[in-house]
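Trainee: These are the residues of each chain, in order.
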Amino acid sequence: MPSFSDVAVSRAPVEEVWKLLYDPARFPEWWEGVETVEPSSGGYTMFPRGSPDFPMPHTLRSDGRRVVMSCLTSDLRFEWRLEPTPDDGTRIAVHVEIPEAEAHRLQTQQAAISASLRSLAALPERG
Amino acid sequence: MLYVRLLGELQAEVDGRSVLPPPSRRAWTLLAWLALHPGEHPRGAVAARFWPDVLDTSARASLRSAVWALRRALGEDTDALSAGRDRIGLRCETDLARFDAHVAAGELEPAVTLCRGPLLADLDDDWVLEARDEHAERLGGALARLAAAASDPTDAVAYARRRLALDPLDEDAARDLMRCYTDAGDRAGALAAYDRLATRLRTHLGLAPSAETRALAAAIRTVVDPEGWWPRDEPVQRGHAVAVHSSAPDEPDTDARVELRSNVRHPPLIGRDPELAALLRLFHAGTGALALITGEPGIGKTRLATELLAHAEADGALTAHATALDLGGGAPPFGQWSELLAQLARHLEPPPATVEWPEELARLAPSLPRRLGRPPRPHDDVPPDLARARLFEAAVELAEYATATRPLVLLFDDAHAADPSTLELTAYVARRVRDLPVLLVLTRRPHPRRDAIDALARSSNLPTIELQLDPLTSYDVERLVGRRPDVIVAADGNPLLALESARAPAANGLKSLVRAAIVPLSEPARRATELAAVAGRDLEHAELAAITTPPAVLEATESGLFTDGRFGFRHALLRDAVYADLDAARRRAHHETLGHTLGNAAERAHHLAKAGRDDLAAQLLVRAAADATRATALEQAADFLKLATELHPTPETQLELANTLALLGDRDGSRAAFARAGPHGAHHHLRAAQWFRGGLCDPAGALDAARKGLACPDADVETRAELLLVRAWAEAVATTASDAYATLAQVDHLDLEPDPLRTHHMHHVRGFIALAEGRLEEAERELAESGSIAERAGRPDLAYGGWANAACIATAAGRLGRALALAERGLVTGVPVIELQMEGVRAGVLARLNRHAEARAANERQRELARRLGSRQLGALADHDGGLLALQAGDDARAAELLARALEQDPPIQRGEARLRRAEALARLGRPDEADAEIRAATTEPVRPADRPAVLVARMTFAQALSAAARGDAPLAHRRLEEAAGHWRRLHTDAGGEFIASLIDLGRLPVAGVADPARELERIDAVVL
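In order, the protein sequences belong to chains A and B.
Residue numbers for the first sequence follow my numbering, so the first one is 6 and each next one is one higher.
Residue numbers for the second sequence follow my numbering, so the first one is 132 and each next one is one higher.
Just chain B, same shape as in the assembly (with noise of 0.2 Å):
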């Protein structure tokens, strides 16, 4: 068994056998990369990590000859390493997983025992510098519990001095010690620990503690009974420079605590009395709700949101808040929600191991699962949109789990700037909230509109307020700035400028201000400050330390445009207008610096686009792209792609876009992209393939991929079967079943290794072929093994394609119940998008045995999760679906009501068919104007191959019988049915053909809809004259 040491220097040993490092370094690292990142990984992901900047076969050939030196230094009698074609990775045990497992279970002691020193020691590639953060901050936290639990005050403070020197600078850590020190009776060596601190922020950072950590100081140096005056049960890891407070409801509210809530340098409320009085009966109302705070630039929307938050904390209700980085469309997905999410798990408790919201959050926040105390696990491999919607509900179980409690408040500043993945999942979470205590509180700006905030107020459901705030009365600014008439004449209602006005009486408008600030800096502190415009948002220590000096930070705060203890400005606005003040030359120059510096790829890009460094900026739209995939934002991965091929186009940027507008469905973007990539090996046609069968469903193109991709030389014999697989499976669907024969038949002579989804494919395409010959029950049993096999290998959107193909022919062939049994399957995947889908063939089969009360309810959880989704179109969808029932139900004013709104949308459905259905409807509600109406309609409708036209020309012909019958004219009815009835006993039934034209044409299974000429001519027979 290998053993593995990560905390402190880099040690392994193979059954109590010390490991030798190998002469070579890269494989030792590799070692530790490996062990650090359990599971196996895709060379070429390994590869183009430890060596980015060569071509791939050279990176792939250096692992080799890594992995090589690493089997040796292991020895022969140890199975760990296992180095597939495509994949490597290590099986062994770590202290690292020890003491994850410890802290996962409370045992902290031991935990904090394990650690000998920081992360692999002896190693400083980027990736251990990050790893050695995030362990450091684990490590933090176990030592803060650690501290909060002793009993002995001596123990107490040394955990909490072990947890500061993990990170000196961390103010928290140094508050927590101070608290320590005087419950220890000594508040010489808490006011002591607070001068270290001081002076290190001054030293390294050219900052003054924050104004909590100072309040605290103050409080240590004139409290005289220390006992009780600070809650023992606040939470016990902070983080720093961060707007996030809590208080739980029964914590005792001192004078002391309101005291530290004081110093928060905030001018006061003014004027907002109304507004503040209306958001706080939202709040304690207790339910889900929304408010939207509207107002021009500086006119106090954030103040009086801030004003909210501090009272719900005071309330008992945990707070969140972010503000949009507004880089024109360039800011990295999710954005607000990475923030919001890493403030709150500072304040959560632990879950229970057995719930996986914090790991699909970890997209957002990859320092969540380690912040909740969950050992790191790597993404699962699923296709973006089922991350995607894992991930939407994963925040909806967060929201859950932090108001089992208390309240949750969550604040979107400057809304109007937001990234778009921001407001799609709030968007998605207030659907969601409306019986939990959560109020999600948006401000914005009216210029320019974002219809998207608008959107998703409609959809949400919630109780909402939507507050316009105007300009303050003159008697309102008189009592912010004094009987100051020239200030209060200038500002003209609006308090910022009114403060500020108030604070640089000389200066004339806010460009005039900035000047006067900024005029008498030296050079260094003058060019902190436009860094810090030019980056658009508050800067970290980290980053501050990289692009400047401590003193030159400090002298730039002293000019009254920062926010006290951080270094970002006190209101956009003045950030404004420091950018706008500079010249172009050396507004290039601070974009470049930051385009080097910061840490998101994103950021940086938008940086280094400013600064005209376009081939640099678009290697790192590649990377942000690659990210916002990872994060499940794909048209915004698409947007940067898009970016990059603008700014430097190359092969592998196309490819990358080709793939991303695939996943988004955007077929003829796809293809021309591909085609802009120019030539191409078998493994990008295998790529292409895979778009094509997928999401693209284009047998077509699948099948010119795969032969492409085959006719390369380059083809191994993997890449092989899978452009084998893709070819029959296009071959069953679009051309010959003995094509699809002969090419199954390559596959299986490649006599490969088995691979689940390889074998969940193979039943697929055998099951498309059956259908193709018409062995229904044959198609049946293939498709529902694989969507088996499918849900076995961790795969619910393949698997459930499996079972809604198979219940859908178990229909057709009339097996009813078994088609009922495979259609619930799908419900239980936990996936709103996959389930509402099952909903749909579920209360198709249903309405067949005529449990039409079953189907309608089926049909309602279809119309709730499309609203759960916030699609229109598959609300369209269900709407259709349940007009389509309800005509089955013979309730014909629910049938007209549903289909005329789903025709209003353009979900996929055959519309010519739906106007003929919703005519048959009004027909026999007496409405035949409008039947004919409809009728005529239907002929200016679309018409596919799914569409089957004469199936369309027998319900036209059945609907103008029954308008015939409306209007009283028998004969004319009579002739018409004998029409329809003629034209249903020429159709043959070809259900293999009809579910494959509707899958392909449709993308979706035609249960409800499925033309049975037996059943039709029962209705026709049924109609009573």
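With the rest of the complex left out, here is chain A (with noise of 0.2 Å):
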């Protein structure tokens, strides 16, 4: 199965990220791609930016560690990691498998992701 890691550092604390990480209506702040998100049952809907009528159910689970993120119609899934660093700031890891039948998305997934990572790691900071 396809998959990629990425790693970015935040100077803001674990809470701040963890926030932004947990509340899926902020997506679109910094989710590249996303255009909006819905509540639904047992999760959330994503819709593509310039795709309205896609939606993309997720649901969110975590145990404590890793924060998991799992695409009810592509299998898509998005693994995230948050870690205190001594001087406050925060490790964010995200670790991302992709089925094979939508491998050819590889690079264009990896390439969003990257930037969401920063964008993730930067808000934050901004207070």
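These are calculated hints, taken from the structure and not from any lab test.
Given the structure is predicted, the values throughout are model-derived calculations rather than measurements.
Some hints could be false.
So the derived label-pair ranges between C-beta atoms look like this [claimed, not checked]:
#: 1; chain 1: A; residue 1: His109; chain 2: B; residue 2: Gly1099; range: 55 to 63 Å
#: 2; chain 1: A; residue 1: Pro91; chain 2: B; residue 2: Asp1100; range: 22 to 30 Å
#: 3; chain 1: A; residue 1: Pro33; chain 2: B; residue 2: Gly1099; range: 31 to 39 Å
#: 4; chain 1: A; residue 1: Ser8; chain 2: B; residue 2: Ala1101; range: 30 to 38 Å
#: 5; chain 1: B; residue 1: Asp845; chain 2: A; residue 2: Ser119; range: 31 to 39 Å
#: 6; chain 1: B; residue 1: Leu1148; chain 2: A; residue 2: His109; range: 43 to 51 Å
#: 7; chain 1: B; residue 1: Gln1004; chain 2: A; residue 2: Ser8; range: 37 to 45 Å
#: 8; chain 1: B; residue 1: Gly905; chain 2: A; residue 2: Asp93; range: 40 to 48 Å
#: 9; chain 1: A; residue 1: Pro33; chain 2: B; residue 2: Asp1100; range: 25 to 33 Å
#: 10; chain 1: B; residue 1: Asp845; chain 2: A; residue 2: Thr41; range: 46 to 54 Å
#: 11; chain 1: B; residue 1: Arg1116; chain 2: A; residue 2: Ser119; range: 27 to 35 Å
#: 12; chain 1: A; residue 1: Thr41; chain 2: B; residue 2: Gln877; range: 32 to 40 Å
#: 13; chain 1: B; residue 1: Asp1100; chain 2: A; residue 2: His109; range: 45 to 53 Å
#: 14; chain 1: A; residue 1: Pro33; chain 2: B; residue 2: Arg807; range: 24 to 32 Å
Covered stretches of chain A, as calculated for chain B (at least 3 residues, CB under 8 Å) [to be verified]:
#: 15; region: 24 to 32
#: 16; region: 65 to 76
All C-beta atoms in this analysis are idealised placements derived from N, C-alpha and C, irrespective of residue type, glycine included.
Combine both chains into one complex, guided by the hints.
Mentor: And the structure:
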């Protein structure tokens, strides 16, 4: 299964990154390509920018260490990890798994998630 | 009307016309069984009972033939026989039922007149023999009471003789006859009765009369004036070969009575005076108490405990004593309680007919109701967890009843080897008897350590003493065995070793001692001795008769290894030494003999497994598991089935294991066992679907199993209906309401006869459909109705779910009065685990009504019920709920404390949210550092869909605001409050979805913790900076 990982460091405390990661309503502020997000039963639905009629329902779960977001239509899986750094910043790691059928989207996804990761790190720094 | 005579040879009449037995013997026997077991029974169970050795389909076919033959014999003009597709039953009157009714009403004379002969005298199936013994015991009880009440001594003798004729080896009956003869002035008759008993025991069993009987005979020979030297009000029904004694406080304690007691052969109690004094102080305190006696094997634990029992009896207490059967985990569940209950029943007066506890406790001691003069009644068909809750409460009710007039002392000997269920029930009773004069005594070896015993002591909240028995001093050993320096040195302070060494001075250690005792025995006597060692417990008369001969037993008892009057070793160490000395071949042979002989399936399975007969052992383990499930010991049932699948795996065993694991909530284990069972039919898929809908609460699993079942060609119409109902429920909570609607319509089209439980499930599904679609009022109505229907069907476990859901929905809709009424319906089920859940719901509603004191009281009751159930997890849940309630009431200190306590455990709560709520309390208390630590910790807690991450974000922001305020950073606090308000404004209320997610994810209802954005915004507005 195609996959990739990426890492970024934010100067903001872990709580501030956590609040962005757990609040789907704010995804459009940092997730590249996401235009709107609506809550849905047991999760939330993301609508890609430019495709308002293409709902992508997701679930969000966490075991306390990893936040896993799973897309119910494409089987894309995003796994996020947050760790406090010694200077009260946050190390953000992401691992993405892409189903074989979507392998052609690997490079596009990698670029989008890399940009999203940096936005996620920078957004709380702005306060 | 069909009238069946069961007492004597089987006879039947329809409206006064005699029924000719049908040519089929099985059909005639079926009539007897159905008449003996009132009510309707599953066809499968009846077929399996009558044709156990053939396939299920063949057995059902044979049952159909027998039913047809029976219907023809009874004639067309009676509808006594009801034989539906799934169930079969007989409506009739019987002489046995009349007998029981007479006994219950105290009309003993007409009761015994009905008895024309042994029950079903012309039939000899195993179940007939069991029922015959049970009835004989009931009849014996009635005759004993008649003998005791007879004003004419000659009548008393006649009743007592008739009682003894029921079982000529019954020493209790023989003693009563001896007393009646003596009362009638016929001492020669009394002694002749004794001689006949002694001859019978010697001839049939190779045993001498017990010490108690011999003492009575001796007293009759010597006493000049027989009047008044034994109590007239002595309990009339006594067992044989059991160590239970009782005397009412007002009994005359005559010299003769003392003589009877002193004839019980025990070595003297030496060197334990302080320990005995401590135990007696505990007993005399007159409240619930617990004593743990710990010591190495042979150190005198049992001796000390039995001395306590003897003193307690002398003071008027009722006592009972049972020893754990150590089969390395293979013992039947509740073993010691079964024995204790059987003993206690002999000494209790029949309780009022309105109480239920004798029938509940019949799961452990089937003879209990009839010993208390109550007619047989089948167990209610309720899930094991509900049955277990009732069973445990019944044990407490028994303790209350037994202690109404006198104290009770229960001895659990060798508790280190007790089965887990015995310790769980003991712990439950210990938590409930603080205000009753009940002393629980447990003896145990220090190794292997049983943590469950220590946990029992910790959770009991009873005055407790723990006695550690050390070796005796040389001085005390000398008092025990005399001036025997070699023995004293060899014993090293162990009284058992001292006594045995003194008995056989040439022997060096127990092994040599038992060899010295066995070597002179003939081969049959040696074999009998070895069989007793392999059995691991005292052998009953009937068991002895099946495996050895009376002369062999008689010779073996002369070896000095056995207890006087019984065929059991004087000490477990002697038994262990005999067992250890056996070579492997002999050991296996003896295990196999016992595996084919003993009565209990678990015990037989243990012996057959030890004999290497894995296939037979596996079959018996399946039966043992069924017995354990009936006794509500699911974990032991699962252990039996796991062992059975290891020894000899079959699809049926895997299915039973899957079922049991599902009942235990083990989703993965259940799925795996179900998969291992191989191809399934519709019925199997239905069972799986019902597990997933029920205890496992797994909509996806339920949907999958229901779909597979519906695709099976063998799904008949009723199975289809059940499968469709499961599918509709799963669709309502996991997919779309329109699917669920369509599935319910299919159920309606099946046009089945009304069935209460099916109707309950229909309303339940409709309620969830309405909930998923946001029609809260309709959802509340449907779910409340589902609860009422289940209540009328006698299923409080299903009813409370309906009421609790309806109460939560009413809360969300703001109909708080209605919510409170619904919550209170579940408070009178008498089932603690249900009442605990409903108290939680009620507390949440009361808090929403700002009735905080009542909410706190409800939460306290929730905690008390958790304590009664011995569940730390439920206790932690009560702490969590209490914390949220305290927060609502503005009691931040209490909130912080309770939430901290809850978080130390692992109850089914939203841990992240609990931390954030605690952070709020800490911040308000001016402890911002601790509040920030909780906020940080919340980021490391798991999050499930039910947790609604966005709600957590809003709560975290609010907690941060309060923390900033506590630090005096008003600008930051203000900014955070604005941010939190923004979060709450964005959150829409989806109460239906939240309820469903919480139910599926956490298995509980979110009343106290429900997220209500409007209320949260009010809380933000109320913050003063």
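Trainee: Can the suggested window of 30 to 38 Å be confirmed for the beta-carbon pair Ser8 of chain A and Ala1101 of chain B?
Mentor: The hint (30 to 38 Å, Cβ to Cβ) is violated, given that Ser8 of chain A and Ala1101 of chain B are roughly 47 Å apart.
Trainee: A range of 31 to 39 Å was offered for this pair. Does it hold for the Cβ distance of Asp845 of chain B and Ser119 of chain A?
Mentor: 56 Å, violated
Trainee: When you take the CB atoms of Pro33 of chain A and Arg807 of chain B, is the distance between them in 24 to 32 Å?
Mentor: For Arg807 of chain B against Pro33 of chain A, whose Cβ atoms are near 48 Å apart, the range 24 to 32 Å is violated.
Trainee: Holds or violated: 40 to 48 Å for the Cβ distance of Gly905 of chain B and Asp93 of chain A?
Mentor: Cβ of Gly905 of chain B to Cβ of Asp93 of chain A: about 43 Å, so the range 40 to 48 Å holds.
Trainee: At the C-beta level, are Asp845 of chain B and Thr41 of chain A separated by a distance inside 46 to 54 Å?
Mentor: With a Cβ separation near 50 Å, Asp845 of chain B and Thr41 of chain A satisfy 46 to 54 Å, so the hint holds.
Trainee: Would you say the C-beta atoms of Arg1116 of chain B and Ser119 of chain A sit inside 27 to 35 Å of each other?
Mentor: 33 Å, holds
Trainee: Indicate whether the distance between the beta carbons of Leu1148 of chain B and His109 of chain A respects the range 43 to 51 Å.
Mentor: The hinted range 43 to 51 Å holds for Leu1148 of chain B and His109 of chain A, with Cβ atoms some 47 Å apart.
Trainee: Measuring from beta carbon to beta carbon, are Pro91 of chain A and Asp1100 of chain B in 22 to 30 Å?
Mentor: Given about 24 Å between the Cβ atoms, the range holds.
Trainee: For the range 25 to 33 Å, tell me whether the beta carbons of Pro33 of chain A and Asp1100 of chain B fit it or not.
Mentor: 30 Å, holds
Trainee: Quick one: are Asp1100 of chain B and His109 of chain A within 45 to 53 Å, going by C-beta?
Mentor: 51 Å, holds
Trainee: Given the hint of 31 to 39 Å, check if Pro33 of chain A and Gly1099 of chain B actually sit that far apart at their C-beta atoms.
Mentor: 35 Å, holds
Trainee: With a cut-off of 8 Å between beta carbons, are at least three residues of the region 24 to 32 of chain A near chain B?
Mentor: holds (count 5)
Violated hints, in rising order: 4, 5 and 14; the structure is consistent with all others.
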